[in-house]
Every structure is written in C-alpha cells, then in structure tokens.
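Student: Residue-level listing of the chains:
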Amino acid sequence: ETGVTQTPRHLVMGMTNKKSLKCEQHLGHNAMYWYKQSAKKPLELMFVYNFKEQTENNSVPSRFSPECPNSSHLFLHLHTLQPEDSALYLCASSQESRQGGVEAFFGQGTRLTVV
Amino acid sequence: AQSVTQLGSHVSVSEGALVLLRCNYSSSVPPYLFWYVQYPNQGLQLLLKYTTGATLVKGINGFEAEFKKSETSFHLTKPSAHMSDAAEYFCAVSGVYKYIFGTGTRLKVLA
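From first to last, the protein sequence lines stand for chains E and G. Its first residue numbered 52, the first sequence is counted upward by one per residue in my numbering. Its first residue numbered 136, the second sequence is counted upward by one per residue in my numbering.
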C-alpha cells in the first residue's frame with residue numbers, strides 16, 4: 052500500500068459506544084493530522100502531531116482522544132459521542148520543514164455516523 | 136492570522152466551457168497556497184501548489200492557478216471543463232504544521 056490509509060471507511064456507533072479510527076501513512080512523513088469535515092462547514096483541524104508529539108489541539112472535546120504511537124500511525128479514540136459528531140474524519144500527513152510550503156497528503160476518510 | 140475565502144459555494148459550467156473558481160487569501164507573511172479536489176466520499180487530492188517563483192502554476196488534469204499578490208488572489212482555472220471535473224474544490228493556505236482551508240466550491244458540469 053502507498054500513501055495514507057484510513058480504517059474503517061464507514062462506522063456507525065451508538066452514543067455509549069467506544070470505537071477507534073486508525074490512520075497509517077507509508078510516506079515517511081514527520082507530521083500527521085486529524086481533520087473533521089461536516090456538511091456545509093470548513094474543514095476543521097482537530098489535532099496535529101509532529102514526530103509523535105502533539106503540537107496542536109484545537110479545543111476539541113475530550114470525547115475525542117488522539118494517540119500517535121509512532122510517526123507512521125495515528126489513532127482517534129471515540130467515546131460517548133453526540134449525533135453532531137457525525138462527519139467525515141480525514142487523516143493527513145506531511146513532511147514539514149522550517150520553511151513550510153509542503154503539501155499535505157490525505158487519506159480517504161472515515162464516514163462516522165452517531166446514532 | 137491566515138485565512139482563505141472561496142467565492143461561490145456552487146459553480147455550474149457547461150462541458151467544454153471555461154472553469155473559474157475563486158480564492159482570496161489573507162496572510163501576514165508570504166503565503167503558501169494550494170488547491171485540492173475532493174470526489175464524493177474520498178479524501179482530498181492535491182491539484183497544484185504555489186510556494187515561490189513563477190506565479191502561474193500548472194497542476195494535474197489541465198488545471199492552473201495564478202498567484203496575484205496585489206489582489207491577494209489565487210484563482211483556479213481550466214480552459215475546457217470535462218464531466219469528470221465535477222467535484223468539490225478547496226483552496227488552502229499553509230504555514231508550518233498548519234493548513235487552513237476554505238469552505239469549498241462544488242463544481243457541476245452540465246452536458
């Protein structure tokens with residue numbers, strides 16, 4: 052496999068369930084990101100990891116818990132979600148440098164439905 | 136702070152017609168600008184990017200964009216639309232470890 056792979060592609064969960072989203076990048080990048088994409092809203096940056104260290108948390112509710120065990124894997128642990136959390140969750144990676152200006156590579160996303 | 140504004144959430148063009156999708160940016164430093172395309176239930180795919188140098192940037196699938204500092208714009212164009220261009224297009228500006236996306240423009244191509 053190449054690029055950024057997300058599993059599962061679709062997930063339906065109840066509000067009391069606990070589930071995890073997985074992202075794996077095969078590009079040797081040093082940064083990984085979680086974005087939330089809801090209908091009629093801009094992409095929302097949730098978390099950023101640089102070399103396994105979380106560098107940004109955009110005021111995301113604690114029911115979303117990220118984990119980055121190494122620079123190739125990123126998880127998003129979900130618990131006691133709300134229906135408004137239903138969205139497409141996108142993982143991305145990039146090879147950042149001091150200068151910036153590099154593109155992010157995206158996975159195909161996980162379509163999450165909270166019932 | 137950096138931001139981008141995409142004018143027009145929906146654009147319709149006839150097959151073979153010019154495609155023009157508008158993006159204006161705000162940045163206190165020289166911006167790095169991107170256009171991405173998203174097909175239904177897919178992730179975002181890079182079309183093209185501007186970092187430095189030539190202001191007219193060519194991308195995949197016949198798209199190009201021109202960086203105009205005086206107008207703070209980075210509009211996306213394609214001379215002749217194809218049915219397969221129907222998708223959602225996102226403009227983005229980036230710093231280090233940060234990508235700020237516009238709200239997207241959904242392109243519809245009419246036969």
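Source of the hints: derived by calculation from the structure; they are not laboratory data. Quick caveat: nothing in here was measured; it's all calculated off a predicted structure. Note that beta-carbon positions come from the ideal geometry of N, C-alpha and C, so glycine has one too. Check before you lean on any hint, since a few could be wrong.
Stated by the list, open to error - Heads up, incomplete: computed chain G residues facing chain E, CB under 8 Å, no partners named:
no.	residue
1	Phe169
2	Asn176
3	Thr186
4	Ala189
5	Thr190
6	Leu191
7	Phe198
8	Tyr234
9	Phe236
Student: Now tell me, hint by hint, if it's right for this structure.
Tutor: Hint by hint, here is what the structure shows:
| no. | hint | result |
| --- | --- | --- |
| 1 | Phe169 | holds (6 Å) |
| 2 | Asn176 | holds (7 Å) |
| 3 | Thr186 | holds (4 Å) |
| 4 | Ala189 | violated (14 Å) |
| 5 | Thr190 | violated (15 Å) |
| 6 | Leu191 | violated (17 Å) |
| 7 | Phe198 | violated (15 Å) |
| 8 | Tyr234 | holds (5 Å) |
| 9 | Phe236 | holds (4 Å) |
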